[in-house]
Every structure is written in structure tokens, then in C-alpha cells.
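*Asks:* Read off the chains here:
6 protein chains.
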Amino acid sequence: MKRALYPGRFQPFHKGHLHAVEYILKDFEEIIIAVMAAQNNFTLDDPFTAGERIWMIRESLKNYIDKIIVIPILNIENNFPWLSNLKSFTPPFDVIFSNHPLIKILCEKEGFEVREIPFLKREEYIGRKIRELMINDKNWQEFLPEPVVNVIYKINGIERIKKLMEKDVI
Amino acid sequence: MKRALYPGRFQPFHKGHLHAVEYILKDFEEIIIAVMAAQNNFTLDDPFTAGERIWMIRESLKNYIDKIIVIPILNIENNFPWLSNLKSFTPPFDVIFSNHPLIKILCEKEGFEVREIPFLKREEYIGRKIRELMINDKNWQEFLPEPVVNVIYKINGIERIKKLMEKDVI
Amino acid sequence: MKRALYPGRFQPFHKGHLHAVEYILKDFEEIIIAVMAAQNNFTLDDPFTAGERIWMIRESLKNYIDKIIVIPILNIENNFPWLSNLKSFTPPFDVIFSNHPLIKILCEKEGFEVREIPFLKREEYIGRKIRELMINDKNWQEFLPEPVVNVIYKINGIERIKKLMEKDVI
Amino acid sequence: MKRALYPGRFQPFHKGHLHAVEYILKDFEEIIIAVMAAQNNFTLDDPFTAGERIWMIRESLKNYIDKIIVIPILNIENNFPWLSNLKSFTPPFDVIFSNHPLIKILCEKEGFEVREIPFLKREEYIGRKIRELMINDKNWQEFLPEPVVNVIYKINGIERIKKLMEKDVI
Amino acid sequence: MKRALYPGRFQPFHKGHLHAVEYILKDFEEIIIAVMAAQNNFTLDDPFTAGERIWMIRESLKNYIDKIIVIPILNIENNFPWLSNLKSFTPPFDVIFSNHPLIKILCEKEGFEVREIPFLKREEYIGRKIRELMINDKNWQEFLPEPVVNVIYKINGIERIKKLMEKDVI
Amino acid sequence: MKRALYPGRFQPFHKGHLHAVEYILKDFEEIIIAVMAAQNNFTLDDPFTAGERIWMIRESLKNYIDKIIVIPILNIENNFPWLSNLKSFTPPFDVIFSNHPLIKILCEKEGFEVREIPFLKREEYIGRKIRELMINDKNWQEFLPEPVVNVIYKINGIERIKKLMEKDVI
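Quick note, the sequences are listed as chains C, H, U, W, G and R, same order. In terms of this note's numbering, the first sequence has 70 at position 70, counting the first letter as 1, and numbering is strictly consecutive. In terms of this note's numbering, the second sequence has 22 at position 22, counting the first letter as 1, and numbering is strictly consecutive. In terms of this note's numbering, the third sequence has 155 at position 155, counting the first letter as 1, and numbering is strictly consecutive. In terms of this note's numbering, the fourth sequence has 94 at position 94, counting the first letter as 1, and numbering is strictly consecutive. In terms of this note's numbering, the fifth sequence has 104 at position 104, counting the first letter as 1, and numbering is strictly consecutive. In terms of this note's numbering, the sixth sequence has 146 at position 146, counting the first letter as 1, and numbering is strictly consecutive.
In isolation and in its complexed conformation, chain C is listed as follows:
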């Protein structure tokens, strides 16, 4: 059994993430999707809870449901034991897929393999840009798998993000 781990914040889970999962599943039997910064929610950068992100991911990956393991991971302050802390919350895995420089460096010091992800439309499929489209009532829907769009409607996600934008002058 070969298992890969794919970490991300998934705020929200978009078509670039979906593409990455499908890319990884070509070579691996199972993929652990690690929902990072799991304790963060209801902020402009992290509007969705870990539970909502898990929900989005499962709904988008119904076709691969027996191959995915979605696990929330809380951020810790001390970066150095990042990989060891992560391992305590997941089944064993062989490779990490990530383009994130910090993750690469934290794994390489442990001799653990990290592989690049050939992201789809890298300049468009970016969580931050999609959140900005949401705030401005632009076409955010086209960047997300349809089930994610549905979850966002169910939880009134657009209204939430717009409210989080408002500043109170206290």
C-alpha cells in the first residue's frame, strides 16, 4: 500500500486542489488530505472551520471516497517538530506532496521525501484571490468544484466573508 500526504489550508477547496488530488492518485493508492490550521476559522484569511473544509473536500471527492483520508491538523508554535507532530495524527504515509518552502525544509531535515505538485492555472486557483472574488460578488463559483459551491451556499459563506470584511471603529 502506498500512501501520500497532501497538506493545505483549503480556504476553500478549489479546482487547483482537486487537480492536485487527482494527480497524486495516479501514483498512490490512498491520499491523506491534511487540513492545516484546523483551529482557525471566522477570520478573513481563514473563514471556514476545519469541519466545513472537511465537508467540502469529501463532497468534491465522492468518486475517490475509498482512497481519501481527511484529517484536521492544528498549528503548533514550534515549527521544528512539525513532521513528527503531524505523524501522530495520521496513518503512516510514504511521501508528502507540497510546494510550500517551509514544509519542504522541515521534511528534508528529517530525510523525508517531499514532491512538487504541478498546479493547474497557478495564477488563478489561489485561495486568497477566490476569497476576494467572493467579497466583490464576482465569479468565484467557476474556480470551485460544484459541491464546494453548494456547501458555501448552505453555510451562508459569502455573507460570512463579507461581514468579516467590515471593520468596527472601536
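Please note that the accuracy of each hint is not assured.
Just so you know, same-sequence chains aren't split out, so a pair can sit in one copy or run between any two.
What the hints assert, rightly or not - Below, a list of computed lysine-lysine pairs in the PhoX-like style, where the Cα atoms sit at most 25 angstroms apart:
| id | residue 1 | residue 2 |
| --- | --- | --- |
| 1 | K121 | K167 |
| 2 | K26 | K163 |
| 3 | K154 | K121 |
| 4 | K26 | K162 |
| 5 | K104 | K26 |
| 6 | K129 | K154 |
| 7 | K26 | K67 |
| 8 | K109 | K163 |
| 9 | K2 | K109 |
| 10 | K167 | K67 |
| 11 | K62 | K154 |
| 12 | K15 | K129 |
| 13 | K104 | K154 |
FYI, nobody ran anything at the bench for these hints, they're computed from the structure. These numbers were taken from a predicted model, which means no experiment stands behind them.
For this one, chain C is given, so just place chains H, U, W, G and R on it according to the hints.
*Replies:* For chains H, U, W, G and R alone, kept in the frame of chain C given last:
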């Protein structure tokens, strides 16, 4: 018994806050004043300890002393359970008074009522502006209830804020 | 202004505590009642939330309402800075009243005065014993100020304690 | 879509747990299995990591793989916001299945439904007893789904538990 | 350069510990002495602060002062990343010396070497026993290096331990 | 015995720090070097672990090895008990040497003496500037004691800092 909760950082407690308390006490028998970010102190944004803020508030509200309950609340990282965490530290309350978008959204998702506060001189009675007046030796005193001015003198608050302004080039 | 601090867990606030407060108020103008272990609740040793304990205390001390300041204090793991941590959450105080050996030793090392409390009926007014009476449907009411009894009824406190007694065989 | 949540420590996941899952799946389309005390591991009471427990559960429930969502939940010190904290890490759910008195009381105060589980062979299928059988080289295998037995062999689980039993006389 | 790490709570640092350090220094150029449970103090099991323990150790090892590195390490709740967390607070080391089963198992799973320590008078040189001698005014001094005895006198350590023994009947 | 404490982040330990240590050792028999923000590492502002910083400091101070005590100190959120928390992790000391305004104010409120350090070449010997030289392959080496340069080469420190500079467009 009808009880309202009024959350704020109160850095420091100013006449706008006093006005809000008096406004709420027209309709409620008791008011819980929640001193938020209670663990923060001796920073430029949060110069006063929770204890000092509680002191300022009590001294300013001597006339209403049997109607106020002042409780420090520590910030937690996970926003979602904000209301439930808050409730564990206070007597029961019926309504929250706040203009803060995040507080509104975190309460509304629980079906808990949040009411607006018609703030007095909204552009002047702002903690950050008052702290800037302190740093520049301007007329900060006129924005604060007199007992707050006295507490600030007793704790050498102006000197503290000015020192916190200094940057050390390390 | 002379202010004393009186720390306790107050699970629940009983007549011995009430007696202690009245004793201290003979010599001090204000008393800070520090509700310790404030984050603990819904356990056999700590059944009541900090908020419920604050409520009990206020209701029992209506006659002294302008002289009391009730403040929840969270336990911290490192004992050594206990006094300094406490001070950050309260207005300034001159003396601590406590018979607790750890509190005495942690204050004495800082040169801070701790005074003994001549407790009333020391063998009867004990939180743990009163909680046992509650579990066994015995006369727990007589050991508590009447307003505390009322709060416990309002929050279904006896039912809570009995349920916490049940063990699940998992 | 009707979704239930089933919390447990699963140290390890045994046939009683499996039976409970199958019982719940008769009435619900999806089940969230919440792996509690997720940060605890390598102790006598909690020998297996959250990741290992998730692994055991998935391997045992291959037949229901599209119906289960397994999520690690870290214990928090403040019991009161237990339900709200839990909700931030999971998709929405309608009912909690648990016989645990604390969980029942923490949910009932929020008006959230908790249902009993008719456990199979309640006196035998108990994590603690099974861990004792492991220490004494008795027939622990018969109480566990075969995939759990396999995981325990792969991670040298029996050796781990026996070593954790040893006391060092320091 | 060959460096070993020797973890312990050192409550207090006794002749058995001293013997272990000397044993290790026969084969290693430097030894890192990790003062574990560093945040614990002023309890019966952990009466001395990390700082006091560091002081005792340095005073006892004046002859080896260029070969020892004494570092306090705070306990973390998640055992699994114990070794990785430890490494973030110390210079690199080649071997750990410990007889503690948990430490052995946590290092072995990482493929990191742990060696046994041939303790001196194992049944006598035990922190817990020495603390009991202190409480009972017995000959605790003979089990400790003389500089440790002196530090304990300077900090009124015996009085502290006796006071921590007293129970308050609250 | 007169002992001074010198706190700093030492990212990395440079010639200005070395000069400060030598300045302090003129008047004090021992110096405690407190490595602050000890849990921070692998970030642009705090690239080196506490352990690596302790290593750099020891290697640079071989000539004073019997006079220095290097202790990592984790940052805490509540600033007020900073001094008391610090004291729990170190042997006793008489004076703190620091130019940092926050440290000065936090000590002065406790009546604890803080002395200024006459820094060498204040505009050049600055951690942030040296880290920028590293990123740009400029002459960072000349600002560091040679043993620090060697440690940085051994841990591939320059490569680490450059990688931490890279931003991933997620």
C-alpha cells in the same frame, strides 16, 4: 431579572463606553462587562492589564455598582466556540450589545441576540485615538471619565505607553 | 483604600466562605474574591462553572455589593509566578487571606503578606463534604447561603453532580 | 442527509465499537467517528496515537467506507464548550450517540440530542480489559476486528504496551 | 565531537545522578543534561524550580564545567514528537542515556540510540525517597553532592517541602 | 557571587552580543544568557532553533565557559509576569542587562534593576540586518564570531534562510 453582556477591550474605558453602559442600563437590570483580551497587557495596542481595566471600570461606575458585573475573558484561538466559552465564565445573560462584526456573526450562528449600540461621538471616542493623544501629550483626559484619569496617573500609565512606543534597535 | 484578596474554588460558595468574607470586611474596605481554577467545570471536584460561582457569590453578598470584586482566575501550570500572574487580572490589593499552604509559600517568597482565616465550623463547611451530601440527597442546603441554594436549583446542580458520579464502562 | 456523531477514545477500536457503528448506520446515512483525546498516546491508558486509531477504524470499516468520516478531536481543559468546540472540527450532524454521562450532560444543556448505544457484551468489550489481556499475553485478538489485530502487529503494539507497563525506579 | 544527552527531573540532583554523569563523560566529550518537567515546581513531586535544579547541577559539576550543557525542557502533552521537540531546544547529540521505558520507546521508534545507565545504589538514590527523608528530618544530606545540600539550605528547601506536605482542609 | 542576566533572541549571536557579554563579565562573576522566544524557529525573523543558538553561544564563549549559563526561555502571552516566569527557569541573579523598553518597564514595576548595555557599532550589529546580508550573499560573516559562522555552515543555515524567503503562491 434581565441581564445584558457588553464585551470590549477597554484600553482604556472611555466616555463612549460609559455612555454605552448607561444606554444599556435603561433596559436591563444588570450588565456584565466582559473585559476581552484579558491576558494582553504592556503592548502598544493593549497597554493596561485586565486588572487595571477592571479597576477603571468600577471606579467609573460607582453609581451603578449594584448593577454591574465586570469579568475578564481570555482570548482563545478557535473563534467558533466563542459564545460557549464566554458563557462558562459569566452568570447567564439575555442579550449581547456589540457593534463588532465578528461577535455579531459568532452569536447569530448560535441564534443568540446581538443588539447595536448607538455610540456617542463615534469618531472621537476611540481607544486607539486616545492612546495616540497620550503618546503626544495632547488632551486625552477629556475623553475619559475622571476616575479613569486618576487610575492612569496612579499606575503611571502615560509613561508606560510612551516607553512601549520606543523601539530598541536590536 | 485598603483592599484584600481572598482566593478559593468555591465549589460551591458555602457559609464558611461567607463568614470569611464578613471577617475580612471588618478590616478592609474592599475584598477581591478570586474564583480559582476558573476553567474547570462539569467534573466531580469542580462541578460548577466560574460563571455560576460568580453568580452564587454575588447573590450571597448583596449586602456588601459595593465592597466586593469577584474575578475568575485560570490555573496555570507553572506555580512559581502564581502571585504575579494573579496580579495581572485584579486591581491592586494589600493582603491575601488564605490558609492554603501552597498559596502561603508562593506569596511569602515574594515578601507578600498572607493572613490566616479563622474558619467557622471547619470540619463541616468543606466543599467536598457538601458535594457528597448533594450526591446522597442529604441536607446540603443548610451549609449554604440561601441564594446559593436557589442558584443550584435554577441550574439543576444536584442532577448535574449525580450524573457526573455515574461511570460509563467503556 | 442524516448524519450521526459517535465519540470514543478507541484504545483500541474493538468489536463493541464495530457493533455500535453498524447499529447507528441502520438509521443514518453517514457517521462521524470522533477520535477523542487525540493528543494522547504512548501512555498505559492511551497507548495508540490518533493516527493509528484512525487507521484501525478505516481498515475495520472498509465495507462502509463511503459512510464514515473519522476525525481526531483534541481534549480541551474547559468542559463547558465541549459541543461547540467539537462542531468546529466536523461537518454538521443531527444526533450524538454516547452512553458517557459527561457527554450527555454537556449536550443536553445545549438542547442537543444524545442517544444511548445498546452495546454488545458490555462486560467484555472494554478497552481497559483488552489492554490488560495484551499485557498478559491472553486472547486479546478475539475481541478486535481482524484488521485491528493486523494494525497492532504492524506497529508492534503489544511490545509497546508491555514496555509502558515497566516502571523505572528513578 | 561526541555529545550525549541525559534527561531527568533531578528533584533534587543526587549522587546517583552525579555518578551517571561521570560514567557518561568517560566516553563522551560533552553531555547535555536535560532538566525535564521544567515548568513544574512547588509541588510535592516537583518541589524545585528548573532554575534551582540547573543551579544544583552546575554547582555539583564544577570540575566538568566545560563539558556540560544544562537545558530545561518543558513537558508537552503529545508524547509522540518527544524526541523532535527535545532536539529543537538542544545542540545536536549522538546518544541518549536513560533507563526510562517511555523515553526508550519514543526514541527507538525514531531509530535513535538509547543506552542504559548502570546506576549506583539503585534502591537508595531515588528522588522520591530522598524527598521523604527531607520531610522526616532524616539523613537526606548523605545522598546528595555537598553543593546541592548548600543550595537546598540557601533556598529553604526543606521548609518548602514540609509546607507542601501540609493539607488544607478546604 | 554576583550574577547578571542578559536576555536576547540571538538570531544569530553576533559580535555586538559578544561585546556585551564581555562588558558584563567585567563586573560580574557569572552571566546567565537567556535565549528568548525559544520555541520560535524556521521563520524569517527567527530562523535558528533555541538549541542552535545555545550551540553558537557556547562555541563563541569557550574562554568564559565557567562563567556563562545559557538557558532557553519560551515566550508567554501575558507580559505582566515576565520577570517572575523568567526567574523560575534560572538560578538567582542580581541585575538584568537590556536596552529593550518592554523588558525595562516590566522589571522596573517589580523594583528590579535593569542596566543599559553600551552596544558596539549599534547600526551594524543588528540581527535583522545580518539576516538580510545572508539572503543576499553579502559579507555576513564579518559580523559574527568565527564559531558562529562555523555552526551556520554546519546546519546549512544560509540555505535555510533563503528557502524561508521563498513565498509559495497558494
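*Asks:* Quick one: K167 to K67, C-alpha cut-off 25 angstroms, is that within a copy, between copies, both, or neither?
*Replies:* Result: close neither inside a copy nor across copies, 42 angstroms intra and 30 angstroms inter.
*Asks:* How would you classify K104 and K26 at a CA-CA limit of 25 angstroms: within, between, both, or neither?
*Replies:* Result: close within a single copy only, 22 angstroms intra versus 39 angstroms inter.
*Asks:* Have a look at K121 and K167 and pick one of within, between, both or neither, based on CA distance no larger than 25 angstroms.
*Replies:* between (33 angstroms within a copy, 17 angstroms between copies)
*Asks:* With identical chains treated as interchangeable, where does the CA-CA distance between K26 and K67 reach 25 angstroms or less: within a copy, between copies, both, or neither?
*Replies:* Answer is both; intra-copy 11 angstroms and inter-copy 24 angstroms each pass.
*Asks:* With 25 angstroms as the alpha-carbon cut-off, assign the pair K26 and K163 to within, between, both or neither.
*Replies:* Neither. Shortest intra-copy (40 angstroms) and inter-copy (29 angstroms) distances fail the 25 angstroms Cα cut-off.
*Asks:* Using 25 angstroms as the alpha carbon limit, work out where K154 and K121 are close: within a copy, between copies, both or neither.
*Replies:* Classified as neither; 27 angstroms inside a copy, 39 angstroms across copies.
*Asks:* Within, between, both or neither: how does the pair K15, K129 come out at a Cα-Cα threshold of 25 angstroms?
*Replies:* This pair counts as within: shortest intra-copy Cα distance 13 angstroms, inter-copy 41 angstroms.
*Asks:* One pair to classify: K26 and K162, alpha carbons no more than 25 angstroms apart. Within, between, both, or neither?
*Replies:* Neither. Shortest intra-copy (38 angstroms) and inter-copy (32 angstroms) distances fail the 25 angstroms Cα cut-off.
*Asks:* Checking K62 and K154: alpha-carbon separation at most 25 angstroms within a copy, between copies, both or neither?
*Replies:* within (18 angstroms within a copy, 29 angstroms between copies)
*Asks:* Quick one: K2 to K109, C-alpha cut-off 25 angstroms, is that within a copy, between copies, both, or neither?
*Replies:* Cα proximity of K2 and K109: in one copy and across copies (22 angstroms, 20 angstroms).
*Asks:* 25 angstroms Cα cut-off: does K109 pair with K163 within a copy, between copies, both or neither?
*Replies:* Intra 42 angstroms, inter 13 angstroms, cutoff 25 angstroms: inter-copy only.
*Asks:* Could you place K104 and K154 in one of the four classes (within, between, both, neither) given a Cα distance threshold of 25 angstroms?
*Replies:* Answer is between: at 19 angstroms across copies they meet the 25 angstroms cutoff, but 36 angstroms inside does not.
Consistency with the previously given hints fails for numbers 2, 3, 4, 10, ordered from lowest to highest.
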